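**Student:** Residue numbers (this note's numbering), protein chains in the order written: chain A, 1 to 180; chain B, 1 to 177.
One thing to keep in mind: the hints can contain errors.
Here are some, though not all, of the chain A residues that point toward chain B, as calculated from beta-carbon distances under 8 Å [stated by the list, open to error]:
id, residue
1, Ala3
2, Val6
3, Ser36
4, Pro37
5, Phe46
6, Gly118
7, Asp119
8, Gly130
If you want the ones that stay clear, here's a sample from chain B, every Cβ over 10 Å from chain A, calculated [said to hold, decoys possible]:
id, residue
9, Ala43
10, Gln66
11, Asp78
12, Lys91
13, Arg97
14, Val101
15, Ala102
16, Arg103
17, Phe107
18, Arg166
19, Ala167
20, Arg168
Hint data in this document are derived by calculation from the structure and do not stem from the laboratory.
Treat the numbers as computed from the prediction; the structure is a model and nothing was measured.
Note that beta-carbon positions come from the ideal geometry of N, C-alpha and C, so glycine has one too.
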Amino acid sequence: MAATKVLRWSLPLAIFAVVLAFLFVGLFRDPREVPSPLIGKPAPDFSLARLHQPEARLTNQDMRGQVWLLNVWASWCVSCRVEHPLLLDLAKANLVPVIGLAYKDKPTDGLAWLTSNGDPYKMSIVDLDGRVGIDFGVYGVPETFVIDKSGVIRYKQIGPLTEDALKQTILPLVRELQRS
Amino acid sequence: MVGLVATRCDRHACREFARVRNSMALVAISVLLTCAPLANAAADDALDARLKHLETELRCLVCQNQTLAESNAPLAEDLRREVRELATAGKSDEDIRAYLVARYGDFVLYNPPVKPVTYALWFGPFLLLAAGVVVWVALLRRRSRASREASTLGDGDSVPAGALSRARVLLEDDRTL
Numbered sequence: 001m002a003a004t005k006v007l008r009w010s011l012p013l014a015i016f017a018v019v020l021a022f023l024f025v026g027l028f029r030d031p032r033e034v035p036s037p038l039i040g041k042p043a044p045d046f047s048l049a050r051l052h053q054p055e056a057r058l059t060n061q062d063m064r065g066q067v068w069l070l071n072v073w074a075s076w077c078v079s080c081r082v083e084h085p086l087l088l089d090l091a092k093a094n095l096v097p098v099i100g101l102a103y104k105d106k107p108t109d110g111l112a113w114l115t116s117n118g119d120p121y122k123m124s125i126v127d128l129d130g131r132v133g134i135d136f137g138v139y140g141v142p143e144t145f146v147i148d149k150s151g152v153i154r155y156k157q158i159g160p161l162t163e164d165a166l167k168q169t170i171l172p173l174v175r176e177l178q179r180s
Numbered sequence: 001m002v003g004l005v006a007t008r009c010d011r012h013a014c015r016e017f018a019r020v021r022n023s024m025a026l027v028a029i030s031v032l033l034t035c036a037p038l039a040n041a042a043a044d045d046a047l048d049a050r051l052k053h054l055e056t057e058l059r060c061l062v063c064q065n066q067t068l069a070e071s072n073a074p075l076a077e078d079l080r081r082e083v084r085e086l087a088t089a090g091k092s093d094e095d096i097r098a099y100l101v102a103r104y105g106d107f108v109l110y111n112p113p114v115k116p117v118t119y120a121l122w123f124g125p126f127l128l129l130a131a132g133v134v135v136w137v138a139l140l141r142r143r144s145r146a147s148r149e150a151s152t153l154g155d156g157d158s159v160p161a162g163a164l165s166r167a168r169v170l171l172e173d174d175r176t177l
């Protein structure tokens, strides 16, 4: 009898607490961050023209054997300007090569943008029709991928890079992958 | 941080140009229909209907509450182009869905697959419903038993201990008034 009496107030309270916990966690989750199914899988094959020398191409095979970042950006993308200083710092520190993928951007616009804002990329490639972007599961710019020596995607940053994301997640991961 | 992420590009494209686009599409279709041979047009219609149906089951990742069929985001246009090319290359609906899931995850499907991570989603509501029914039936039973006891209480019947003490308290209250 005593047990049912305790249940009468504790059960609704427990259910309420569980619902509250779910809603509370939900407050801090961004529904626009869709987890990529490509993490832990080989990066898709691509062969794209380079921004500065359109007659030359870069393929994912060319990057084999090194850890690298693929930064998807566009000159028409406003929030790419937010992360740009961080990319410039990263290039100066020379910790990891960053390849820039100009996503659905006119090469002339991309070149002009890099000239006026600074070019942090070891190399820039052009995805004119967005097909390589689709293969990488890109659904907005900017996005940044960490790719290991054997060409496997290890991490994806959705949205602009932040100092926190770089220092606490991306760079430690890069260092670990470079050692292995 | 969330604010920054929310400013990701491509969202401005969610505006509704559907009416304009549809009327333009209508013009394009009528031009195509008058120019193309009839047999071809029939095949195209079948393909269009198939794609239309398929695209209403797929989510646009930019405007997340819109289907691929209704969204005007540039990415949705690109994905519709990809879907059409895959379909004309002879891929089945299942192949096309697998192609998109491999790139964007189950999130692109409006109809999520049944697998261990989605068990709570698929069966949770039925479990809650069953639990509700159990509680409801238990309450009804208790209430009908209580009312039966109350109505059959005669002179010779034993009175429940709780009722007696409650009656005594009421009487004592009366005395103090």
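**Student:** All the hints need checking, so say for each whether the structure fits it.
**Tutor:** Evaluated hints:
1. Hint status for Ala3 of chain A: violated, given a least beta-carbon distance of 15 Å to chain B, over 8 Å.
2. With its C-beta approaching chain B no nearer than about 16 Å, Val6 of chain A sits outside the 8 Å limit, and its interface hint is violated.
3. At a threshold of 8 Å, the smallest CB-CB gap from Ser36 of chain A to chain B is about 7 Å, leaving the interface hint in force.
4. Hint status for Pro37 of chain A relative to chain B: holds, with the closest Cβ pair at about 4 Å, below 8 Å.
5. Given the 8 Å rule on beta carbons, the hint for Phe46 of chain A is violated: about 13 Å separates it from the nearest Cβ of chain B.
6. For Gly118 of chain A, the interface hint is violated, since its Cβ never comes within 8 Å of a Cβ in chain B; the closest pair sits about 19 Å apart.
7. A cut of 8 Å between beta carbons decides the hint on Asp119 of chain A: the least distance to chain B is about 20 Å, and the hint is violated.
8. Satisfaction of the interface hint for Gly130 of chain A is found here, the shortest Cβ-Cβ separation to chain B being roughly 5 Å, below the 8 Å cut-off.
9. Distance to chain A confirms Ala43 of chain B as a non-interface residue, since its nearest Cβ pair spans about 26 Å, more than 10 Å.
10. Distance check on Gln66 of chain B: its Cβ is at least 13 Å (rounded) from any Cβ of chain A, clearing the 10 Å threshold; non-interface status holds.
11. A beta-carbon of chain A comes within 10 Å of the beta-carbon of Asp78 of chain B; the shortest separation is about 5 Å.
12. Every C-beta of chain A lies more than 10 Å from that of Lys91 of chain B, the closest at about 15 Å, which supports listing it as non-interface.
13. Remark: the non-interface label on Arg97 of chain B is consistent with the geometry, its nearest Cβ contact in chain A lying 13 Å away (cut-off 10 Å).
14. With a closest Cβ-Cβ approach of about 7 Å to chain A, Val101 of chain B is found to fall inside the 10 Å limit, against its non-interface label.
15. Residue-level check failed: Ala102 of chain B sits 6 Å from the nearest beta carbon of chain A, not beyond 10 Å.
16. Once the 10 Å rule is applied to beta carbons, Arg103 of chain B is inconsistent with being away from chain A; the minimum gap is 4 Å.
17. Not every beta carbon of chain A lies more than 10 Å from that of Phe107 of chain B, the smallest distance being close to 5 Å; the non-interface claim is violated.
18. Residue-level check passed: Arg166 of chain B sits 16 Å from the nearest beta carbon of chain A, beyond 10 Å.
19. Ala167 of chain B, annotated as away from the interface, keeps every beta carbon of chain A farther than 10 Å; the closest lies near 20 Å.
20. Here Arg168 of chain B stays apart from chain A, with its beta-carbon at least about 21 Å from theirs, past the 10 Å limit.
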